[in-house]
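S.K.: Position chains B and C against the provided structure of chain A, taking the given hints into account.
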Amino acid sequence: MSDHQIEIETRRTPGRLARAWNGDLAYSFRHSPVAMISAFMVALLVLSAVFAPWIAPHNPFDPGSLNLMNGFTPPGEPNAFTGEVFLLGTDDQGRDVFSTILYGMRISLLVGFSAVMLAMVIGVVLGLLAGYLGGWIESVIMRIADIQLTFPAILVAMLIFGVAKGITPPEYRDQMAIYVLILAIGLSDWVQFARVVRGATLVEKNREYVEAARLVGRRPFSIMIRHILPNALNAVLVIATISLALAIIAEATLSFLGVGAPPTKPSLGTLIRIGQGYMFSGEWWILLFPALTLLALALSINLLGDWLRDALNPRLR
Amino acid sequence: MLAYIIRRVAQSILVLLVTGFVAFSMFSFVGDPVENMLGQERTQADVDRLRGQLGLDQPFVVQYAKFLQQAAQGNFGLSYRQGREVSAILAERLPATLELAFVSGLLALGGGIGFGILTAIRRRGISSNVIMTLSLVGVSLPTFLIGILLIYVFSVELGWLPSFGRGEVVDLGWWTTGFLTLSGLKALVLPAITLGLYQMTLIMRLVRTEMMEVLRMDYIRFARARGLRERSINFRHALRNTLVPVITITGLQLGSIIAFAIITETVFQWPGVGLLFINAVQFVDIPVMAAYLMMISVMFVGINLIVDLLYFAIDPRLRVDGKAGGH
Amino acid sequence: MSEPVLSVRDLVVEIPTRHGVLRPVDGVSYDIAAGEILGVVGESGAGKSMTGNAVIGLLDRPARIASGEVLLQGQPIHQLQGAALRKLRGRHMGMIFQDPLTSLNPLLTVGDQLTETIQEHLDLSASQAHERAIAALDEVGIPAARQRIDSYPHEFSGGMRQRVVIALALCAEPELIIADEPTTALDVSVQAQIIALLRRLCRERGVAVMLVTHDMGVIAEAADRVAVMYAGRLAELGPVREVVTQARHPYTAGLMASTPVASQGQKRLRQIPGAMPRLDAVPAGCAFHPRCERAQARCRQAPGPTLQACDGRAACWFPITYEQEATL
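Residue numbers (our numbering), protein chains in the order written: chain A, 540 to 856; chain B, 1166 to 1492; chain C, 2 to 329.
Excised from the complex, chain A in its bound form (with noise of 0.2 Å):
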């Protein structure tokens, strides 16, 4: 018979932000020099490109502001002609690059996010119609899934420009561009938010609470969507930023190689397309302002988002 006691000690349970920043996840950002680096950069380049109607000096966009005699204007002197002096010079248009840069990562951003958003909604209901609905369906569906995969996406979102461009008549092909790029790269993108979802569809279908609600009687149209989907959302979410990341540069890509977008609304692959042109003649800043800040984006990006893979990898700790 035993006379000890076991003794409890009383903590103060700590609050939900203490945890958080004492959490693993927190502790390792907090001690990765790189991991704080780059999502400070991240923040500033998104930052200055939203609120870029209020930072940039110019709206490039506006076709009535742009003079061509401002063209060519090195970074910091005063233009021959006009006198104007513009940060870091102007292009062959006489847009002022500066905010050319700020404006043409508005379009990045945006085309990235609607693109993810894009390819998830398609790929969520059609990863959720596949797994729960089983049968053709979902046998039609992942064929046309790996069939799609076969082909790198760029080559998939190339091929949907030019099939979409060849659709749209001419005089509407540049505005047009914009919602273009997004179809594009959305379409080319859903495949692996489509595969997460039948999986994670198939791992829940046969779980009990599923049965139950079943067997209550809700259509499965409810029970995919109040039942399976949170359970999926957080591979999705991961995926998903992953997305991103590769979305933005999929535009830049796009951009450059003239099938992104258009000269009149350049982003910063259009920029350094242009760019490209004038490197030999000496009108330099053309092409490096563009290329570093799209360097810093990219770079930025991605280092943040493999520490994050990192630092969730369970299998690492």
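If you are wondering where the hints come from, they were derived from the structure by calculation, not from laboratory data.
Please read these numbers as outputs of a predicted model, since none were measured by experiment.
No residue lacks a Cβ here, since even glycine has one placed at the ideal position from N, Cα and C.
Wrong hints could be hidden among the right ones.
[As the list claims (entries may be wrong)] Computed footprint of chain B on chain C; a stretch qualifies when at least three of its residues, placed anywhere within it, have a C-beta under 8 Å from a C-beta of chain B:
1) 84–95
2) 100–112
3) 115–125
4) 164–173
M.R.: Relative to the frame of chain A, chains B and C by itself:
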């Protein structure tokens, strides 16, 4: 095993049929060739007659079958933009892309496997950290940006290497090669690095991860417990087991080099099929787009098939029960 | 008495972590003589595998030997590194792991794995090594050894694979074998065969064996002496028959009582209340005292009981005594 091969071949044919369907649909969707050909002054009778001549009044499936038949023979009609036979244009430009892809592939494989092994074995050294950081850069930056930066440093600033084109090429009849001239070789350097860098970092990280995973396995521990030398463990045991899954993924990656060549060729104005394709997209030159799509899918499907069969040859476990191997 | 093959003296293994320093092995000492099988038994996490890893020098970083000694045939080996340590492994001490499937390289034939080990340690030509390998397979009871030497691991059944593993561990003729849960992954019917094989081979060759397991049944079958570990420390150490029938440490007694015995027709299994403490929360004094029915005030005080400080058999201030003296 025979069943497996048959199944894979059937899958491959399915992929080809579907891509063929997509390619064919592009023709149907985008613009009306009859309208383009006849111009403003046309009657309905003219339209109907030309339709009949071109076989455009046949049912969809028949047209599709005819398209496939012609495609199998390499006939994609005439380019909207250049007016010449698409197959001829493709054949002309293919050697440029293939030579570029080949050199990039070698670079990617050699560098990737070499650095991968190095960083897996010496995990904590300085060289490892440097290589890993550089690889992160290689993976994060879009290919075109890397190309542009290389041009900036080596062409504009240093003037060592050309910034566009293939240099002098030697015409060997059905093939043009840049390997035989100095300017041809020089012109290959920057594009090959640009194209291969991304693949190299991917392969490197893959080899590294796989090898580190393998080095944690029990049979490696047991090998150590038996007193085998580190070198023997790393190369005879670990490497062999690492390469098995690496080969599949690598094979697929190398296939996609041909597609990624589009970007590199644009940056360097390299006269290959990639540049041809992007120009076709810009001008909505459907026959060229369709032909390129079919060509790429044949290549991919072929490479996938070869890689799968290669896997069989290497992993003895697959030969017995047909299940996919791991470690 | 001749020198023991293995001598472990006050071995301490530490793992520095973010939350503090853990001690999975805390002052363990035992000897194993040639031809003797010492069973090391305990729950998961008691430190038995760690001790084995420490002896053979395969501790995973950041775990390290913090203090104590390991002597192999009288020579200290606990501070050896690199090549010196590698030369001992395989040739003078071998290790067998739990899962025979993952212990063998799936891409190399059994013959390749045998001959490479043989050639590494013994100065033989390729064909001589090949013959040795066939002989080794034969000895562990693999039928048609000459044909099967070119087979791959997955072509053997579980029990056969473990025999191959044993062959591999013994082929360079070591003096010490550490067997870490060698039967846990095997079917019950095969376990007895493997244990019998191990016993026979080691007796014949005079190999000392450290048999690590959580299964008391295996210990009772195979071992000569048994060491019971608890929370990184030795609770009891003695001849198998005595420890099993007349356990002196309350923990050992609890273990025996909770082992189901078919013949006794028990209605309920007796359990030891509570659980073994986590390494970062080991109680002061005797590690077992919170769960012990016989605990007294002294048990709570540091330093805790050790084998040397008590009767050399059980690390307990108040060991269980029996009416009759055990006669051997």
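S.K.: Are there hints from earlier that the structure breaks, and if so, what are their numbers?
M.R.: The structure conflicts with no hint, since it agrees with every one listed earlier.
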